[in-house]
Amino acid sequence: MALRLPKAELPAELAENMIKQLGMVPENVEVLWHSPQAARDNLEFGAKVGAWGAVAPDLRSFAHMAVAAQVGCSWCLDVGYFQAQNENLDLNKASQVPRWRETDVFTELERGVMGYAEAMTDTPPTVTDEQHASLLRRLGAPAMVELTAFVAYVNLATRANVANGVTSQGFSDSCEIPLAERPAASSAGAGTGAGTAT
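Note that the sequence shown covers residues 922 to 1119 in my numbering.
In case anyone wonders, no lab produced these hints; they're calculated from the structure. Just so it is clear, the structure is predicted and the values come from calculations on it, not from any experiment. Note that beta-carbon positions come from the ideal geometry of N, C-alpha and C, so glycine has one too. Watch out, some of these pointers could steer you wrong.
[As the list claims (entries may be wrong)] Straight-line Cα separation of at most 30 angstroms, DSSO-like style, residue types lysine-lysine; simulated pairs:
hint, residue 1, residue 2
1, Lys1014, Lys928
2, Lys941, Lys969
3, Lys941, Lys928
4, Lys928, Lys969
5, Lys969, Lys1014
[Stated by the list, open to error] The following label-pair restraints were derived from C-beta to C-beta distances:
hint, residue 1, residue 2, range
6, Ala936, Ala972, 19 to 25 angstroms
7, Gly1086, Leu1057, 35 to 41 angstroms
8, Pro957, His1053, 34 to 40 angstroms
9, Asn1007, Asp1043, 37 to 43 angstroms
10, Val970, Ala936, 21 to 27 angstroms
Using the sequences and the accompanying hints, generate a full structural model.
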């Protein structure tokens, strides 16, 4: 897939800040910069979402990557895995998110969060009362509200990237453990079963 919009030139200071943060300028920001207001608002909201603290960083990361794998956003998987490394998360687990149903490295809570993220991502969403209640019992109301809003935001970002033709830039090439591939047999809608936390 190729970019469906050419890259727009970012202000020098913004580009420099992103290079300091990530090592390169994210292509999705360059594409969005055709509307600087939309790009700025997106960056600002993304920063606010990233600052929420009721959900543990590993659960948030796994939810993000589960959505990205389901939607098919290779850019989000790439940068999500890179950020997991930068946040000192368990890379063995993070590398396995695209095939979380087929591996035994995740706890029941982690599996529940990823199943919930996928169920929210289904069209239409397939979240069940039991699935929501199970996570609510284990996480509490503030974290449940944040997790739900976070997954909704990630859906916005991943779907915009895919629609704009933005793909992996190689952020995660520095990670020692290769990122697993999503099994071809996995399908949207599978998030309502095996991923339900108990």
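Hints and how they fare:
For the given pair, Lys1014 sits about 34 angstroms from Lys928 by alpha-carbon distance, which is inconsistent with the 30 angstroms threshold. With a CA separation close to 20 angstroms, the supplied pair Lys941 and Lys969 stays within the 30 angstroms bound. Restraint check for Lys941 and Lys928: the C-alpha separation of about 20 angstroms stays at or below 30 angstroms, so the hint holds. For the proposed pair Lys928 and Lys969, the alpha carbon gap of about 25 angstroms is at most 30 angstroms, so the pair holds.
Distance restraint check for Lys969 and Lys1014: the Cα-Cα separation of roughly 26 angstroms lies within the 30 angstroms cut-off, and the hinted pair is therefore satisfied. Separation of Ala936 from Ala972 is about 23 angstroms and conforms to the stated range, judged on CB atoms against 19 to 25 angstroms. The beta-carbon spacing between Gly1086 and Leu1057, approximately 38 angstroms, falls within the hinted interval of 35 to 41 angstroms. A beta carbon spacing of about 38 angstroms between Pro957 and His1053 agrees with the range 34 to 40 angstroms that was offered as a hint.
As the Cβ distance of Asn1007 to Asp1043 is approximately 30 angstroms, the hint placing it in 37 to 43 angstroms is violated. Taking the beta carbon of each, Val970 and Ala936 are about 22 angstroms apart, inside 21 to 27 angstroms as hinted.
The structure fails hints 1, 9 (numbered hints given earlier, in ascending order).
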